[in-house]
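Sequence order for the protein chains is P and U. Each residue of the first sequence is one higher than the last, beginning at 1 in our numbering. Each residue of the second sequence is one higher than the last, beginning at 1 in our numbering.
Watch out, some of these pointers could steer you wrong.
[Claimed, not checked] Dumping the calculated DSS-like pairs for lysine-lysine here, alpha-carbon to alpha-carbon at most 30 Å:
(1) U:Lys17 <-> U:Lys126
(2) P:Lys2 <-> U:Lys126
(3) U:Lys219 <-> U:Lys229
(4) P:Lys145 <-> P:Lys208
(5) P:Lys2 <-> U:Lys198
(6) U:Lys184 <-> U:Lys14
(7) P:Lys2 <-> U:Lys93
(8) P:Lys2 <-> U:Lys229
(9) P:Lys384 <-> U:Lys219
(10) P:Lys145 <-> P:Lys128
(11) U:Lys93 <-> U:Lys39
(12) U:Lys184 <-> P:Lys384
(13) U:Lys39 <-> U:Lys184
(14) P:Lys263 <-> P:Lys128
(15) P:Lys145 <-> P:Lys133
(16) P:Lys128 <-> P:Lys184
(17) P:Lys384 <-> U:Lys92
(18) P:Lys384 <-> U:Lys229
(19) P:Lys224 <-> P:Lys263
(20) U:Lys17 <-> P:Lys384
These aren't lab readings, by the way, just hints derived from the structure by calculation.
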Amino acid sequence: MKLYLYFREATRSLLSSLQRTFLALLGISIGIASVIAMVSIGEIVKEEALRQFQELGTDFLVISNIADETKTGTGIIPLRSTVSIPRACPSLREFAPYAVTFSTVICSGKSWGSSVLGVTGNFHAVNKLTIDKGRPLSEIDQEMKNCVIGERIAEQMRQIGISNMIGSKLLIFDHLFTIVGVVKQASENSLRPQEINDGVMIPYLTLKRITGNDQVTGIVGRLKKNVNVSAAVEQIQGIFDQIVKERKPYIQTASELIGQMNKQMNLLTLFLGIVGCIALVVGGVGVMNVMLVSVAERRREIGIRRALGARRRDIQGQFIVEAFLLCLFGGLAGIALGIGGAYGISRFQQWHFFISQTPILLGFGVSAMVGLFFGFYPAWQASKLRPIEALRAN
Amino acid sequence: MTAETRATPVIELKGIKKTFRVGVLDLPILKGIDLSINKGEMTAITGTSGGGKSTLMNIIGLLDEPTAGAYSFEGREVINLDDDELSSIRNKKIGFVFQQFNLLPRLSAAENVAMPLLYRGESIGKSDATARTFLEKVGMGDRADHNPMELSGGQQQRVAIARALAGNPSIILADEPTGALDTKVGQEIMDLFLRLNKEDGITIVMITHDPRIAAQCPKRFNICDGLIKSESEAVS
Ligand SMILES: Nc1ncnc2c1ncn2[C@@H]1O[C@H](COP(=O)(O)OP(=O)(O)OP(=O)(O)O)[C@@H](O)[C@H]1O
Ligand SMILES: [Mg+2]
């Protein structure tokens, strides 16, 4: 192997036709950049999606579809029967039953239709909600006409000019409630009851007293540390299947959802990676094209070298090194471009930018492979030229 | 010159034929060439244009294969050798000089001259030193770092001759080395060949159109219609 010679000759020829070199570099670096940007974006989107669940906590769990919403009055599970849950479900560390109803909410003559959540004192804590103004509802609010509003009602009040909501009155179910707190917007894609953002929270017992409605719509809870999630879910499912005969209770846990999410997001990353690879192949074909043209243009040079005693593998080596160098530098530029692209998109989408080593290693590996793969054929073509034919070419 | 070296010619051709296929037509160009060239000889090959001189030279230089015939190079049968072995003989035993000089345009004069040595596996440093000695020898020592583009035709041909000599080959094959040069410069190149032959005993085969150049070679072949028509050897 005369690698030093191949490198010298390859470098000379790349430098001697800068336009050709530039075009090849452009093709390959766009290809590599798209692989890296795509894979990075995939990973960033995945982290972004998982972050919302991680903030909620992997021990979070929701039990739903346990109420018959067509009925009013006492439901399948009234609040008082939930006191037996800790005994029945030992893996639950904490739980907060809640009821969802609907009412017109009137404020300063304006009225909106809104969800009304009847909640227990620990609902706020179990859901890890954050208070924006005022305070959350607690156990001492039970049976009192105090409420905490979500972001949607807060926004609507702001629109009618009420900026200091704490202490303001809302007419709910024709009863006057005092706003004691405003909760911050909870992230959309989490398992939390959607009504938190959309509606008003009032004490469960207050809801029961003024509407006569006592059916637990759902239960949010937290699992104990170190329990086997799927076993716990199975056990809880068994209990609720027994209590709720008419319908199938749903149990969702954050950890299972994160698992599914992970799979979906890995699929997304794979898909994006494939899209990137297609761009890379196009870039690689570009390199091959440039190399083939270069071989055709340099037939005479090849002939001279063969006359001077270059063996086939010397010619091949020189051209492969040329393709390899193109892909190496194209790869470096592509990595920079790809990281830049991923950063730009993350910035624009307000995602937390990070770059892992996977796309970089992938980019490097793939560009080297592309270089060798797409460099091989033109190099082989060059090497199999018969010396006399090459020499006769102009 | 010892009896032994005289006994084995550098080049020995017997019944060399070459037929080109053009479409459905077979064009016989060489129709049975017998030729032998001994060490230290300076030979001119002349003949009509299109008569097959270059074709013969390419076969001698192992750049092309004959359709039929026997060829031994320094006593070794070279028909049917594989490509690597042919490359190795070209690299170590044959020096080419072309009408169009055929220097590699991106390399300096010294780098061009060093090329055969590099393909042989010599280091860059060592081959560069050798290249410079040979450039000195052809009177191009002061142009070693110039690019071919910066040199005149005659100067380029001197560099090409240095390149052909640098590998210390058994034979120099020159296809119309003066063909692209004016008479005066052509004669200078011819003088260089004559000097190399006389002083260093270099074996040279040269194709030429120019009777004045051919007349200066002690041995001459005339190729006509694919055969050697006349052969003359000056008594020296
Ligand atoms: N590869 C080829 N295919 C077909 N015909 C060829 C090929 N190479 C050479 N010829 C033909 O062979 C004949 C001899 O060519 P060659 O180059 O050997 O002539 P030459 O004696 O060197 O002529 P000149 O003095 O003009 O250089 C020409 O008619 C040429 O067209
Ligand atoms: Mg010719």
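Hint-by-hint comparison with the structure:
1. U:Lys17 <-> U:Lys126: 41 Å, violated
2. P:Lys2 <-> U:Lys126: Distance of about 15 Å is within 30 Å: holds.
3. U:Lys219 <-> U:Lys229: Holds - the C-alpha atoms of Lys229 of chain U and Lys219 of chain U are around 14 Å apart, at most 30 Å.
4. P:Lys145 <-> P:Lys208: Distance of about 12 Å is within 30 Å: holds.
5. P:Lys2 <-> U:Lys198: Violated - the C-alpha atoms of Lys198 of chain U and Lys2 of chain P are around 36 Å apart, more than 30 Å.
6. U:Lys184 <-> U:Lys14: Roughly 37 Å separates the two Cα atoms, so the pair is violated.
7. P:Lys2 <-> U:Lys93: Holds - the C-alpha atoms of Lys93 of chain U and Lys2 of chain P are around 20 Å apart, at most 30 Å.
8. P:Lys2 <-> U:Lys229: 46 Å, violated
9. P:Lys384 <-> U:Lys219: 37 Å, violated
10. P:Lys145 <-> P:Lys128: With a Cα-Cα distance of about 23 Å, the restraint between Lys145 of chain P and Lys128 of chain P holds, given a limit of 30 Å.
11. U:Lys93 <-> U:Lys39: Between Lys93 of chain U and Lys39 of chain U the Cα gap is close to 12 Å, so the pair holds against 30 Å.
12. U:Lys184 <-> P:Lys384: 40 Å, violated
13. U:Lys39 <-> U:Lys184: 29 Å, holds
14. P:Lys263 <-> P:Lys128: 26 Å, holds
15. P:Lys145 <-> P:Lys133: 18 Å, holds
16. P:Lys128 <-> P:Lys184: 11 Å, holds
17. P:Lys384 <-> U:Lys92: 21 Å, holds
18. P:Lys384 <-> U:Lys229: 36 Å, violated
19. P:Lys224 <-> P:Lys263: Between Lys224 of chain P and Lys263 of chain P the Cα gap is close to 25 Å, so the pair holds against 30 Å.
20. U:Lys17 <-> P:Lys384: Within the cut-off at roughly 24 Å; holds.
In the structure shown, a violation is registered for the earlier hints numbered 1, 5, 6, 8, 9, 12 and 18, in ascending order.
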